[in-house]
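Asks: What follows is the residue order along each chain.
Number of protein chains: 2
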Amino acid sequence: MKFKLIAQDGKARAGIIETDHGLIETPIYMPVGTQGTVKATEQRELIELGAQIILGNTYHLYLRPGMEVIEQAGGLHHFMNWQKPILTDSGGFQVFSLTALRDIADNGVTFRSHLDGSQHVFTPESVIQIERQLGADIMMVFDECTPYPCEFEYAKKSNEMTLRWAERCIIAKEKQPALYGHSQALFGIVQGSVYPEIREMSARALTKLELEGYAIGGLAVGEPLEEMYRMTEFTEQFLPTDKPRYLMGVGTPENMLESIERGVDMFDCVIPTRNGRNGMLWTRDGTINIRNAQYKTDFTPVDTECDCYTCRTFTRSYLRHLFVTKEILALQLASIHNLSLFLWIVRESRNAILEKRFAEWKTTMLARFQVSSTVSEQPSISFI
Amino acid sequence: MKFKLIAQDGKARAGIIETDHGLIETPIYMPVGTQGTVKATEQRELIELGAQIILGNTYHLYLRPGMEVIEQAGGLHHFMNWQKPILTDSGGFQVFSLTALRDIADNGVTFRSHLDGSQHVFTPESVIQIERQLGADIMMVFDECTPYPCEFEYAKKSNEMTLRWAERCIIAKEKQPALYGHSQALFGIVQGSVYPEIREMSARALTKLELEGYAIGGLAVGEPLEEMYRMTEFTEQFLPTDKPRYLMGVGTPENMLESIERGVDMFDCVIPTRNGRNGMLWTRDGTINIRNAQYKTDFTPVDTECDCYTCRTFTRSYLRHLFVTKEILALQLASIHNLSLFLWIVRESRNAILEKRFAEWKTTMLARFQVSSTVSEQPSISFI
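Going line by line, the protein sequences match chains A and B. Note that my numbering gives residue 1 to position 1 of the first sequence, counting from 1, and the numbers run on in steps of one. Note that my numbering gives residue 356 to position 356 of the second sequence, counting from 1, and the numbers run on in steps of one.
I should point out that these hints are in silico values taken from the structure, not numbers from a laboratory. Take every hint as true, because none was put in to throw you off.
Pairs involving identical chains hold if they fit within one copy or between any two copies, as the list cannot separate such chains.
Cross-link-like lysine-lysine pairs, in silico, BS3-like; alpha carbons within 27 Å at most:
1) Lys84 x Lys296
2) Lys326 x Lys84
3) Lys11 x Lys356
4) Lys208 x Lys156
5) Lys175 x Lys208
Taking the hints into account, I'd like the entire structure generated from these sequences.
Replies: What follows is the structure, given as structure tokens:
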């Protein structure tokens with residue numbers, strides 16, 4: 001993997017990540033394909049929408065279909081037939097947020113599956129093995145994502161463990177070669193909750209390990225937005241400029257604009273698809289709840305400026321009808337549109353950076369978005 | 001609407017139906033778009049699959065979104081953005097099968113909505129008005145679809161009422177002009193349960209009314225397959241050769257082959273999409289339940305001879321994973337594939353008729369299908 005910084009506008013950056021599965025133009029939003037599919041969206045539709053890289057979740061894929069199936073398929077790219085880049089998380093976030101009865105020790109984490117209660121162990125070494133079997137272009141180190149709020153002492157100790165785990169991941173990566181002939185990069189994850197001194201320590205230590213990219217983790221976990229921006233801004237200064245920076249689990253279009261301004265290159269978040277499935281649609285002029293009665297005879301597109309299949313083809317009236325009647329097509333069309341808007345935001349941000357007008361673009365868009373969205377806690381609809 | 005009989009091979013027919021929304025090559029299978037969407041399938045995908053006409057359900061669309069919305073949208077074609085032909089049923093089947101507390105009188109049927117219990121009345125006149133508002137290229141007359149089994153006397157009386165209703169539909173159609181500038185044909189429906197003498201009476205009387213096409217209704221409602229074929233074969237002889245014949249609610253690929261051989265031109269059925277959503281996939285060599293463990297590491301397509309997006313792109317192993325993990329993409333890919341196979345069956349049947357080799361084609365395919373499928377009673381998965 002290579003990263004090239006193409007342009008800078010203030011702290012906002014435009015770059016190119018080169019992988020064996022193709023180029024990624026940054027800043028980039030990565031649609032989340034938790035279980036080997038970006039929910040309700042076909043792979044060819046992701047291509048049509050301009051998705052350049054998607055995310056896969058190590059924890060979920062490890063449990064189902066399991067590594068035996070993935071390895072026999074020739075890795076995740078072949079299993080799901082997605083031939084552009086993939087990033088896999090380390091499973092850490094899910095192990096700490098989804099599972100019960102977990103036991104965290106310096107060696108690793110023992111946990112019970114949220115599906116059947118079966119017991120498993122994730123260690124830095126086993127996670128690297130799984131990520132090798134998945135064959136992601138970008139692997140993440142195994143880390144502990146601290147919750148919010150989090151005591152200073154816990155955050156400090158946790159981060160020290162995360163740093164030791166990062167070193168073990170690097171060694172494990174060297175010992176376990178790639179399985180499918182393409183190269184796999186490894187990114188470190190800066191933790192430290194909302195404590196600047198831990199964040200600084202974490203970033204400095206990880207930078208010394210010369211990883212191929214750096215994520216800012218442990219944010220977007222419930223802290224106030226201002227804390228998230230403050231920590232992102234603070235952490236950024238300790239990260240090398242010649243490596244990509246990835247703000248994990250973020251966020252809304254507004255969150256992305258604010259973070260791009262603070263020097264972030266990569267984002268992932270489930271909200272466009274998850275909230276889309278609940279009828280929340282993003283437009284260039286704020287979000288709408290398409291179920292509302294006001295759209296009953298609104299025969300305009302969701303967003304008149306959008307060129308996605310949903311907006312090119314269907315009206316708000318039709319989409320509302322699909323949601324009211326609980327039709328699966330509602331979930332498909334909402335996901336397509338929201339992903340389209342999220343990908344448009346980062347694409348236009350990149351253009352603005354290249355043309356040195358990012359601040360103006362950001363101001364214009366924030367004014368248009370009007371209502372400040374936050375990372376939504378709305379539960380996803382269970383469809384089967 | 002015009003119908004042209006192009007070729008005949010035994011009783012099997014190849015024809016062309018010309019509508020203001022384009023041509024329909026028969027024999028044809030019509031995907032069912034109950035609520036203004038063929039479930040889990042995008043309109044552009046229907047085009048890609050070669051769908052030439054889809055069906056809309058009058059009862060469901062009347063309740064939601066309601067005729068006010070549909071009329072303001074400029075009809076169902078515009079509402080759902082489907083610019084090829086549409087056929088709407090009369091609502092009769094749903095009124096008799098879905099609703100409670102219905103009161104059948106010669107004037108019409110009073111029923112309560114299955115959604116909210118609200119009371120409504122369907123008469124031949126009101127149904128024609130609704131079908132005018134929907135703007136279907138082919139409208140069906142309001143009929144009573146008798147259940148199976150059904151006493152002779154009830155079936156006879158019911159059919160006499162259905163015939164009176166057909167006459168009233170014709171008059172209503174003349175009085176209520178088309179709303180959207182394109183012409184709308186009206187088809188009659190032969191009833192008579194499994195009683196040849198009622199079927200003959202029904203077919204003869206309807207033929208005299210010179211409708212633009214004739215459906216065989218009241219079959220595929222639980223009677224033995226052999227009864228269905230026997231009634232279809234018996235009824236066909238009384239239908240004019242210069243009008244299309246539509247066997248309502250039928251059926252599996254095998255049912256369609258048997259019925260094409262008996263002179264049927266048009267079919268509709270929810271099984272490819274409904275059963276697809278339950279993991280039942282049709283192949284040229286029989287049906288498979290994709291959830292089965294045997295497909296866990298089966299990296300072949302669902303059907304190696306199929307050229308649909310699902311089969312071109314994904315493996316049985318991946319599809320099984322999507323079903324096991326309850327992913328929405330499972331429903332999309334299964335629907336695409338099954339619709340593709342159903343549309344392929346009628347397309348190839350047409351080619352075989354044109355080349356005077358239908359009997360041979362049918363024998364070959366029935367041998368390949370091996371297991372005789374019947375219209376499945378499997379319930380659909382409720383996804384929200």
